[in-house]
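Chains A and B, in that order, are what the protein sequence lines are. FYI, the numbering for the first sequence is 1 to 324, going by our numbering. FYI, the numbering for the second sequence is 1 to 79, going by our numbering.
Treat the hints as calculated values from the structure; they're not laboratory data. Predicted model, so just to flag it, every value in this text is computed and none were measured. Mixed in with the good hints there might be a few duds.
Simulated restraints on C-beta separations [to be verified]:
| no. | chain 1 | residue 1 | chain 2 | residue 2 | range |
| --- | --- | --- | --- | --- | --- |
| 1 | B | Ala57 | A | Glu236 | 30 to 38 Å |
| 2 | B | Leu17 | A | Lys263 | 22 to 30 Å |
| 3 | B | Gln5 | A | Leu237 | 34 to 42 Å |
| 4 | B | Lys59 | A | Asp154 | 15 to 23 Å |
| 5 | B | Leu17 | A | Ser173 | 54 to 62 Å |
| 6 | A | Lys208 | B | Lys56 | 17 to 25 Å |
| 7 | A | Ser199 | B | Lys56 | 24 to 32 Å |
In silico contact screen, one side only, chain A against chain B (beta carbon under 7 Å); selected entries [unchecked claim]:
| no. | residue |
| --- | --- |
| 8 | Gly216 |
| 9 | Pro217 |
| 10 | Phe220 |
Note that the Cβ used here is the ideal one computed from N, Cα and C, for glycine as well.
Each chain, written out:
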Amino acid sequence: MKLARITAVSYALPSRIEDNVFLVKDMGLEWSAEDIYEKTGIRQRHIAASGECASDLGVAAAERLFEQDRGWREQVDYVLFCSQSPDYVLPTTACLIHERLKLQHRCGALDINQGCTGFIYGLAVAKGMIEAGIAHNILLVIAETYSKYIDRLDRGTRTIFGDGGAAVLVSESTGERACLSGFLFGTDGTGAPNLIVPSSGQRQDGNKSNHLFMDGPEVFQFSLERVPSMVRKILELTGETVDSIDWFVFHQANSFMLKHLRKKIHIPAEKFFLDMADTGNTVSASIPIALAKMNDKGVLKSGQKVLLAGFGVGYSWGGCLVTI
Amino acid sequence: MDKKQEFLNRLQEIFELPNNAINEENALPSDAWDSLELLAVSSAIDDIFEVVVPMKALKACQTVGQLLEAVSAEEKTYG
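For reference, chain B alone in the conformation it holds in the complex (with noise of 0.2 Å):
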């Protein structure tokens, strides 16, 4: 399984939506960034790439998509 694959698989675990429920289009849940959610889903960008997105980038990320341009920002700097 690709790295990206197994983020969505992770995201849709944490926001626990429904099998194949996301993909890089879909808006994060309205409630998405509760202090819980944003841990797990920085622990999940850790365990997966490798990298720590900072919080405010996290905050502001309002899709799926936006969260793995994030992600892939981090990656450019410190990669």
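Bound conformation, chain A alone (with noise of 0.2 Å):
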């Protein structure tokens, strides 16, 4: 029987820091550093140079994860990338990535676009794709530079959000358990409002700024109403419950919403991985950054229980159960 499985992880970030305290002196905010730290969790933030798009990190990403394996270049049969800032409307970001890193030519390369959630589809995507016999290791990247629509004077959004990319290789493996299932997904479109860059595609808003906008309190509100019973979901569906998951990694948004969540969802802060101080919200990137960290930390042990859950742009959500 054929199933997928997470092979490996990596991550990436550019190298340009903004910290609170820079932000309070170049935003002229009445804000202390300190207060950014309280009302977001968030020390700073890795932003992207001028130069340096999405497809930049998530090459740095798969590059690093290739280092821990020379013989997986070859090997990738299906190059996926997930972000909202792609390097161009076309072509297709993943075939700049798919040149860039060198494969083979074999091999096949499709953008999603999906925000907080889209590492939850990529894994689906990879997971269909595997299974189905269609690919047999698929490098699934997810980057991106959000950094790039926001308005350098929008508090909400600049001390928030950073950039950051990441690699993962979804692989073929044999067995009888899923090592990917309990996949639930969920869409409300009249979300799609309250975070969303206006003109930026083909239609036209108006007079709109073409800036990042978040209504935050929607977007929490909506998060509420949606993550608990999708987790509860999940794990009707995956016949565990919270006792039995080793971990709870959901997309890195903002430390207020993600204690609140867990509070609700009576998750211990033991098993809750919340590591957003040094890299901000990265969007889709977010999830496997926190997956590469705990890995580099030693924390992910092989045969543990790790349920992801993304939420936010569409609106959208989406969640799953990973095996280690």
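Hints in hand, dock the two standalone chains.
Following this line, the structure appears as structure tokens:
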């Protein structure tokens, strides 16, 4: 039986850092650096340089991944790239990544446009392709440079978002028990205006600024309404309980929201991975970056069960269970 | 402590008011509804009453009493 599993994960961040002290000065905020930390749980965020794009971060993460095993580069037969800040409208950024990584010509390449739920979508597509026999080793690259959309004076977004990229190798394995299971997705397009970059495609939205707009309280309420029930359903679907799950890794949106969700779902703090102080909210890259950090810290062990949950722009939500 | 009193205490913290300075008749501070206060109040309502009051309804509240009425309406709808 063909089963998909996560074989490796790595990440890369831009070298430029904007910490809270810098933001207070640059934006002329009344808040102190410590106020920003208390409100967001973020001390600094990595910001892409002017010529640095999502593909650059994705390629850097993938090169780090290939350092773990030199054979993987040749084995990749599909590259998926998830981002809402692609290098171009066309061509497909996955094709650019394919070229820069010198992957095989027999390799497929596809972009996925999804935000905070993007990693879950990417895993689901990779699992489907592998278990259907379409591909055997899929390089899932996730990278965002939301900073390029942000109004430099908007404290509601500039204090929250950071740029980053991750690369995950999803490979075919054999076994009896699925390593990627319990996928669940949901959509509510009525929330689209609450997290949007107006006039960023072919539709021109009147006189609206083309900077990232986020109605934080509305997005928070959407999360309260959708995430706890989604987590409960994934637990039901997989026959698990909060007790039997080793780790809960949610989209690292902001620490206030995550702490509230953790309490609401009754997840013990020691099982809930929260690590965004040094990176901020990196959108679709936040979950794989968290997984890579956990792996680097040595806290992820073989056989452990990790429940992932993504939620946000769209509105969109999705989750799944990963067995390490 | 009953839920209402717990909620009043939380509002007092959120709006940084002196002890016992809040009751149902109080008008909400005029600059109450910036996004951070909205988040905090919404979070407090969910914590204490286990309901989510829609943002439009929250933003329309001008007094503490109206906030409690909005909570009560949600409890009746979904309770």
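Hint-by-hint comparison with the structure:
1. B/Ala57 - A/Glu236: 30 to 38 Å: Distance hint for B/Ala57, A/Glu236 holds at roughly 31 Å.
2. B/Leu17 - A/Lys263: 22 to 30 Å: Holds, at about 24 Å.
3. B/Gln5 - A/Leu237: 34 to 42 Å: Distance hint for B/Gln5, A/Leu237 holds at roughly 40 Å.
4. B/Lys59 - A/Asp154: 15 to 23 Å: Once the Cβ atoms are compared, 20 Å apart, the range 15 to 23 Å for A/Asp154 and B/Lys59 holds.
5. B/Leu17 - A/Ser173: 54 to 62 Å: Since the Cβ atoms of B/Leu17 and A/Ser173 sit about 59 Å apart, the hinted range of 54 to 62 Å holds.
6. A/Lys208 - B/Lys56: 17 to 25 Å: Once the Cβ atoms are compared, 20 Å apart, the range 17 to 25 Å for B/Lys56 and A/Lys208 holds.
7. A/Ser199 - B/Lys56: 24 to 32 Å: At roughly 25 Å between Cβ atoms, B/Lys56 and A/Ser199 fall inside 24 to 32 Å, so the hint holds.
8. Gly216: This hint holds: A/Gly216 lies near chain B, its Cβ roughly 5 Å from the closest one there, short of 7 Å.
9. Pro217: holds (4 Å)
10. Phe220: holds (5 Å)
Taken one by one, the earlier hints all hold for this structure without exception.
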